[in-house]
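**Q** Following the hints, put chain B in place on chain A, whose structure we already have.
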Amino acid sequence: MSEIRLIDVAMQYVTHKAQVRALDRISLTVPDGQFACIVGPSGCGKSTLLMVAAGLVTPSEGEVLVDGKPATAPGADRGMVFQSYSLYPWLSVRRNIEFGMEIKRTPRTERQLRSGELIHLMKLDGFAEAYPKALSGGMKQRAAIARALANDPQVLLMDEPFGALDAQTRQIMQEMLTDLWQRFRKTVLFVTHDIDEAIFLGDVIYVMTNRPGRIRTTLRVDLPRPRTFDMVGGPHFAQLRNQVVGIIHEESLKAVESELARA
Amino acid sequence: MSQRVPAAQAAPAVSAPQQRRRRGLLRIYLTPKQAIPGRARLTLGIGSFVVILAAWQVASVIISNPLFVPSPVQVWRAWVDAIQHRHFLDDVAWSAFRIIAGFLIAAVMAVPLGLLMGSFEVVRAFFQPPINFIRYMPASAFIPLLLLLIGLGENEKLMIIWIGVFFQLVLMVMDIAHRVPDEMLNVAYTLGASRWTVFYKVFLPATFPEVVDALRITMGWAWTYLIVAEIVAAERGIGSFILISERFLRSDRIIAAIITIGLLGLITDYAIAAIHRAAFPYVEKVHR
Numbered sequence: 001m002s003e004i005r006l007i008d009v010a011m012q013y014v015t016h017k018a019q020v021r022a023l024d025r026i027s028l029t030v031p032d033g034q035f036a037c038i039v040g041p042s043g044c045g046k047s048t049l050l051m052v053a054a055g056l057v058t059p060s061e062g063e064v065l066v067d068g069k070p071a072t073a074p075g076a077d078r079g080m081v082f083q084s085y086s087l088y089p090w091l092s093v094r095r096n097i098e099f100g101m102e103i104k105r106t107p108r109t110e111r112q113l114r115s116g117e118l119i120h121l122m123k124l125d126g127f128a129e130a131y132p133k134a135l136s137g138g139m140k141q142r143a144a145i146a147r148a149l150a151n152d153p154q155v156l157l158m159d160e161p162f163g164a165l166d167a168q169t170r171q172i173m174q175e176m177l178t179d180l181w182q183r184f185r186k187t188v189l190f191v192t193h194d195i196d197e198a199i200f201l202g203d204v205i206y207v208m209t210n211r212p213g214r215i216r217t218t219l220r221v222d223l224p225r226p227r228t229f230d231m232v233g234g235p236h237f238a239q240l241r242n243q244v245v246g247i248i249h250e251e252s253l254k255a256v257e258s259e260l261a262r263a
Numbered sequence: 001m002s003q004r005v006p007a008a009q010a011a012p013a014v015s016a017p018q019q020r021r022r023r024g025l026l027r028i029y030l031t032p033k034q035a036i037p038g039r040a041r042l043t044l045g046i047g048s049f050v051v052i053l054a055a056w057q058v059a060s061v062i063i064s065n066p067l068f069v070p071s072p073v074q075v076w077r078a079w080v081d082a083i084q085h086r087h088f089l090d091d092v093a094w095s096a097f098r099i100i101a102g103f104l105i106a107a108v109m110a111v112p113l114g115l116l117m118g119s120f121e122v123v124r125a126f127f128q129p130p131i132n133f134i135r136y137m138p139a140s141a142f143i144p145l146l147l148l149l150i151g152l153g154e155n156e157k158l159m160i161i162w163i164g165v166f167f168q169l170v171l172m173v174m175d176i177a178h179r180v181p182d183e184m185l186n187v188a189y190t191l192g193a194s195r196w197t198v199f200y201k202v203f204l205p206a207t208f209p210e211v212v213d214a215l216r217i218t219m220g221w222a223w224t225y226l227i228v229a230e231i232v233a234a235e236r237g238i239g240s241f242i243l244i245s246e247r248f249l250r251s252d253r254i255i256a257a258i259i260t261i262g263l264l265g266l267i268t269d270y271a272i273a274a275i276h277r278a279a280f281p282y283v284e285k286v287h288r
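Line by line, the protein sequences are chains A and B. If you count the first sequence from 1, position 13 lands on 13 in the numbering used here, and the numbers rise without skipping. If you count the second sequence from 1, position 196 lands on 196 in the numbering used here, and the numbers rise without skipping.
It should be emphasised that the hints constitute simulated quantities derived from the structure, not laboratory data. There may be inaccurate statements among the hints.
What the hints assert, rightly or not - Only pairs whose alpha carbons sit at most 27 angstroms apart, straight line, appear in this in silico DSSO-like list of lysine-lysine: (1) B:201 with B:285; (2) A:104 with A:69; (3) A:133 with B:33; (4) B:201 with A:104.
In this text, all values refer to a predicted model and were calculated from it rather than measured experimentally.
One chain only, chain A, in its complex shape (with noise of 0.2 angstroms):
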């Protein structure tokens, strides 16, 4: 069992000119093995929910549970994946992906067990030994994947991840990120404003509201398993996104107005 439970989260800040509303009162849970995509307008604090589902900021109000208990800081059970990779720099993709395992102190033989697997798996043989400067968008954010499953983590958060790659990698790696998810049947919970990408990786797929983010709707993806990518061009599947997008597109467009009402 892992399953993650958000309950009641609020987000609020003050700025210098006045009170912002980030988020309000979102429940939601995602259960074990499930794959639940947040999709919404830019700028709606899908973004942050997921930074406070990893504890790494706290919200205003409500609690975030982990198997039924409150997690309040970021560990090893909530690992995560940003847009931007994050890799560090100066180790090798070998010394990334093992980085968590070397923090718990995980003997040697096993961390190097693991990590082969792992490069393997994500196509990235040959440059275990290689900088990430070496590497293309797409092989980073495969290294940066493979550093946040080797933790085994009970969640696996990520914010976007494919954002900043072009279009036929972000394909690829979609194509990739849900066979894995057929193997490893990770808990995920998947933040990104690419609606094809939400149906066709997810099992659930929250629509948020523009600012004060809210969960307008839930929608369940029944695609069937395992998820290929000649779906996409599917009856069911045009069906979906058009319900989606026009949620979305009512939203940014009050997103607009209220930018205007403002100004």
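**A** Just chain B now, with coordinates in the frame of chain A:
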């Protein structure tokens, strides 16, 4: 160089392929921000020194007053003579010792403080205002005060270098530390690292390459302050050599000493750059 005659002057005489070739050359050498062939870069670099030396030689012939403009050859002779008969290398050694000692003391204090200021708001809030203030006081202005307070021994020289380097370096290191991306630290937390582990396994290594760069830059400033301090009051050192040469109206020796300082600066710069390359092979190179 000879191919680059003004186009208008040569145009009527040249054939079409030649014209194309000329435009090609212009495109290679005069396109903004485009790299030029490596050999051309080397030739131009050496060429600039040749031009300077030639201009200097011509000026010395025209003016023909060795006090005002000693010729390059004369300066070379003065340099050899200073080394052979005037213990100039001892002066160089004295200056080098002061630079190294003063700079090391400043660096050993400035780097840790700068790192702490860059990572802990508490430390920054306390130290930054006075350091920002003192930074604008020129180190050379402290010389008379230090002469009064601690006399003209070695301590005074080291103190001047320290004042000149420390306050600048602290702020540079602070900026470097401040620029370490939050996400780099956050990733470590989500991999189970404690705050202390994040500090020494992520934060510190993330700053190292740029700190060494900052040391390289401030090293150059240290030379300026040292020479000023030595010119004002010192028995030995390149600065005092310059002062004594001035009393004897030996501008050739002064120029020889100044060039020596330039060479020493260049050597240290290259040495630190080489250390940087060897120690941080993982840094992505922005220039060349």
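**Q** Evaluate each hint against the coordinates.
**A** Tested hints:
no.: 1; hint: B:201 with B:285; in the structure: holds, 23 angstroms
no.: 2; hint: A:104 with A:69; in the structure: holds, 21 angstroms
no.: 3; hint: A:133 with B:33; in the structure: holds, 24 angstroms
no.: 4; hint: B:201 with A:104; in the structure: holds, 13 angstroms
Consistency note: the structure conflicts with none of the earlier hints.
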